[in-house]
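Line by line, the protein sequences are chains C and U. Position in the first sequence (first residue = 1) + 14 = the numbering used here. Position in the second sequence (first residue = 1) + 14 = the numbering used here.
It should be emphasised that the hints constitute simulated quantities derived from the structure, not laboratory data. These numbers come from a predicted model, not from an experiment. Careful: at least some of the hints might be erroneous.
Identical copies carry no separate label here, and so any pair may be met within one copy or between two of them.
Unchecked claim - Derived SDA-like pairs: lysine to any residue, alpha-carbon spacing no greater than 20 Å straight-line: (1) K80 to N103; (2) K80 to V41; (3) K162 to K198; (4) K34 to H131; (5) K76 to V61; (6) K198 to L141; (7) K54 to V41; (8) K198 to V41; (9) K54 to E175; (10) K198 to D137; (11) K198 to R145; (12) K65 to R31.
Take a look at the letters that make up each chain.
Number of protein chains: 2
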Amino acid sequence: MLNIVGVGICEGQITERASKLISRAEVVFGSRRALMLASKFISGEFVEIKKFEDETYREIEKLAEKRNVVVLSTGDPMVAGLGKRLKGNVEPGISSVQLALARLKEDLCSTVVIDAHARKAEDELELIERRNLLILADRGFDPSLLGKRRAALIEDICGNERISFGRAEELRISSDYSIVFVWK
Amino acid sequence: MLNIVGVGICEGQITERASKLISRAEVVFGSRRALMLASKFISGEFVEIKKFEDETYREIEKLAEKRNVVVLSTGDPMVAGLGKRLKGNVEPGISSVQLALARLKEDLCSTVVIDAHARKAEDELELIERRNLLILADRGFDPSLLGKRRAALIEDICGNERISFGRAEELRISSDYSIVFVWK
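Just chain C, same shape as in the assembly (with noise of 0.2 Å):
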């Protein structure tokens, strides 16, 4: 059995269905991170995952034919996460993109949330002209793409936390964990 649990970004986002999946658990896989935030549920094995990659990914669903196995997945595994990468049922957390959107006070459905964490996301910049932009980032997204629209930055969610607004041009991103919000 393979559960695939999002265990939220900041401490305490835990929700009881997925604290019960994770308690258990004969074995629990998760980033160091994703292990820290789960660590008061966890009462079987726990391995921490240093290689986010298909051979990893196999291991882990062939244990799960006999095991009770639980994959922690920061945020939401359906949020830029784990949960399309392996065969399992997907328990949602909660995600840096509804944080921003709960600091900013924006609502998902008026807003396209873009992907552009280590990879290029260019041509879905485009998507400004329909929607506001929330684009999760790390140091290489430049966002003077976006012009002299209003934005806001978001770095280092939920740990030492900064929020600034400006226009798009004008932001330095100085955290690969940074959130942008563009205005349409």
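Assemble chain U onto chain C, guided by the hints.
Same frame as chain C, now just chain U:
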């Protein structure tokens, strides 16, 4: 003090942070469904919201100047929710969007979320040229607008849940709490 707190869609989806905010509140407002989901955490007064309109929201904000008030929002307050309508802090919850993506194993970063619940959203359907669409729909929504594209219909999620697959034009929506997912 006013906190707008997401309570999820299914039983057991309330986070630890949300449960603490609810249990510390002197007055908790919410729909009947939201109050039921949160009932075991409520220790103060509770009031069912019957009219979801500006006059109600202004009264709640006024009360919150003197007392510790929580307004519950089923799902997430920033997904077609109460977050934008009330002045206050938003605490995220699990939305029906996340549940639908979990069931279908599709990522939010490949999807546009459209609110077509009790409103027209025909202009927004053009976004199918760019991305998969996840449409919050009721019986008034006409899936045939999306033609022969591959689609899924999820009705009464976490209740008497049903999932069906087919061409968009073949789907028959029988619930006012439906999600239509259409692949690009």
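Hint-by-hint comparison with the structure:
no. : hint         : result
1   : K80 to N103  : within (16 Å within a copy, 45 Å between copies)
2   : K80 to V41   : within (11 Å within a copy, 48 Å between copies)
3   : K162 to K198 : within (11 Å within a copy, 31 Å between copies)
4   : K34 to H131  : neither (31 Å within a copy, 33 Å between copies)
5   : K76 to V61   : within (15 Å within a copy, 50 Å between copies)
6   : K198 to L141 : both (9 Å within a copy, 15 Å between copies)
7   : K54 to V41   : within (14 Å within a copy, 31 Å between copies)
8   : K198 to V41  : neither (45 Å within a copy, 37 Å between copies)
9   : K54 to E175  : neither (24 Å within a copy, 32 Å between copies)
10  : K198 to D137 : both (16 Å within a copy, 16 Å between copies)
11  : K198 to R145 : both (5 Å within a copy, 18 Å between copies)
12  : K65 to R31   : neither (27 Å within a copy, 31 Å between copies)
The structure fails to meet hints 4, 8, 9 and 12 from the earlier list, while all remaining hints are met.
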